[in-house]
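So you can see what is in the structure, the chains are spelled out below.
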Amino acid sequence: MLAPTNEPDLAEAIAGAQGPLKIVGGGTRPIGKPVDGQVLSTANLSGIDLYEPGALTIVAKAGTPLAEIEAALAAENQRLPFEPMDHRGLLGTDGVPTIGAVAAANISGSRRIQTGACRDSLIGVRFVDGMGTAVKNGGRVMKNVTGYDLVKLMAGAYGTLGVLSEVSFKLLPGVESTATLLIPDLSVTDAVAALSQGLGSPFEVSGAAHLPNGPEGHPLTMLRLEGFENSVAYRAQQLMAELAGFGAIELETDAQAGAARWKAIRDVQAFAGLDGDVWRISVKPSDAPPVVDSLGADQVLLDWGGGLIWALMPGGTDARARMGDFAGHATLVRASDTTRTALPVFHPEPAAIAALSDGIRQRFDPRGILNPGLMG
Amino acid sequence: MEMPTPSLTILAKKARVVARLMDVLPADAVIHEVEETRAYECDALTAYKCPPLAAVLPSSTVEVSAVLKICHQEGVPVVPRGSGTSLAGGALPTADSVILGVARMNDVLETAYDDRYIRVQSGRTNLSVTGAVEEDDFFYAPDPSSQLACAIAGNVGMNSGGAHCLKYGVTTNNLLGVTLVQMDGTVVQLGGAHLDAAGLDLLGVVCGSEGQLGVVTEATLRILRKPEGARPVLIGFNDNEVAGACVAEIIKAGVLPVAIEFMDRLCIESTEKFAKAGYPDCNALLIVEVEGSDAEIDEQLGKIAAIARKYDPVELRESKSASESAKIWLGRKSAFGAMGQIGDYMCLDGTIPVSSLPFVLKRIGEMSEDYGLQVGNVFHAGDGNMHPLILFNANKPGDLELCEAFGADILRLCVEVGGCLTGEHGVGIEKRDLMFAQFDAQDMEAQLWVKDVFDPGWLLNPAKVFPLSVTQSRRDQPVAAE
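Which chain is which? The protein sequence lines are A and B, in order.
Each residue of the first sequence is one higher than the one before, starting from 1 at the first, in the numbering used here.
Each residue of the second sequence is one higher than the one before, starting from 1 at the first, in the numbering used here.
Everything labelled a hint here was simulated from the structure, so no lab data went into it.
Beta carbons: idealized from backbone N, C-alpha and C, even for Gly.
Mixed in with the good hints there might be a few duds.
Where chain A lies over chain B, by a calculated footprint (3+ residues, C-beta under 8 Å) [as the list claims (entries may be wrong)]: (1) 382 to 394; (2) 414 to 426; (3) 447 to 456.
Using the sequences and the hints, build the whole thing.
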């Protein structure tokens, strides 16, 4: 295993590679087609380089444990806006999630619906391309239009364009108080309608999820409010009044219980340990009910107001074939190696877009050694 | 400002290129008489002008595709143009180029409140996107100060920001999808009404690519429900450093204002003369705006005021009503006009880490004395996006060049302290030759690769963003004669 401790060594390792490299951070998110290659770990590129709470920015080496970042931010009552998911339960992995892998896979959680994805908070990167050359893009200021935005291109490229060595994020203040509206027993259609109404209100909903099989076996729809205590109390009352037509609403204000509920949504805990493949599907929220119907999944879980569908399907099922033509994309997040080899993991792109993506990979990694084939 | 020498081959076949364009567009959509092409000789960076070979005003994606296919076959460079409000020269033509203006494409194609998006043709102005949904209490968040005139096409091209992006982000954070026409006429849909990319985030790199990767003809934009209300507080200080420390503490306290604006003494004095907003006599002025219900606003403004009082402000004025809010904003919104009363000015938009604010303002003051040119500072303080306004006299020989040299020094300073050359205006031609201050050759090469893929012939807006020396070999591809 290659495990460089600084960027020059990372560059040397890539420049000197004789064959494919399998790039890993903490190894907790084995998403994508299986890659056969020498393991290149970023875990030893670790440490927070700069943290300016007054400027809402942090810069860290790619292999820095996510927990270390979150602890540093919590000490200043700040946080990563996009609430990154922890995949360990769902994928049955262990290890230490790293901040670079969060960026490389554009990992976002429930707050994505309000504050944007990981890619929206990522403001700068340093990476080493497939020839072993170090490149920087973006920086550590939150408004920056100098040159092309390769930061976005690197977020979600799963290391296929370059290996991240350093990442910069903009941050948000932490919150004083959280409340969750709990609406029981809604159909998927009614749940999406309720979530849309909440998200379309002026009350700044920061999480909007629906569990058809909730903790007590009944459907449960959840809307989260965060902020100063008085403000949350006010908005909760307003929102409950606005959504009264959807039935009795319970308001949960206990901080620990609320945090546990949203962590369960974020990490798709409902599917952890259950047999079957896991699909992650992005649609516009109003398309969710018919898409859920067409899937015929063993279980589903909706986040992002219905725009994100997690589906548990019998092993080997082609969810895309069941959905037919739809506007959006589906990723096969968990399946056997055989299934991940047989079915595209990432949603197939139209020819013209695939040609652009292939062209970019060819330029950034002309030898085709960085996680080759991982994204299909 | 150096621009590439126009291709004599292309100039010689103007008649044929125009005739081919007229085959695919209505006659009034092809502007080719020399006196008429002058209307397209510059954008809002008016110091530089050059009439194009022709200008075309297509009305649909199909027409844009047909135009680009012809220009691609003929090897003619194309300069996309939104409303021509670029301060960086993003839409400046060369004599051998065709301006492709999207002004006739301004329809709303779809509005979906349940899914919170609007799909528009790209020539629609920024403010009229909000205009299409505000009766239903929704709005489009990015608000560049040219929003009355600027087009969504240009906003996407430059990844435009505005005063309210501390809370709502810039264009790229509010853009869900585009219809993009590549230089060879290929039409692709990137993104859509759903979130995030299926594979590589091509939408993310198209946004802010200054019209070099393709022509955006339609855009799907995130719309948001309007907040219940918004009100600012005005805080005056006698010291820039104290104002900077106050901004940092407000941010650290967990209040997330929708805007934090900063003005220095020259701007305060000149806007006071011009707009009479009743600003205090002081060296640094902050306008901090928060949103919510009346009670929520009171609570947040109370927290901000409590912090500000610790820094001994000269004045602290919380708005209690819409008219008081309007008065507080009046001076800030008149700042550019007020500075224009003093003389010609050049407006920069370098961004710095907020922590460097006092140092950078001090250095700008020192440089101002060295250059003998006055400079006023208006500033989006929450996100570090500066707007130094350098005053000069356009009629005085050498003054523009002196002003440009001063501006370049300020931008280099922004980079030195950890910031960047441009936070929201784009590079265009204006900052093209400063790119080496921020990027080394390899950093730029990686960006050029992206253009190589989208536009292998380097025909789309080719003389922008990167130093000409860096792109020369790519731009110098042979053009077929008639």
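Original post:
Which of the listed hints are broken here?
Top reply: Violated: none.
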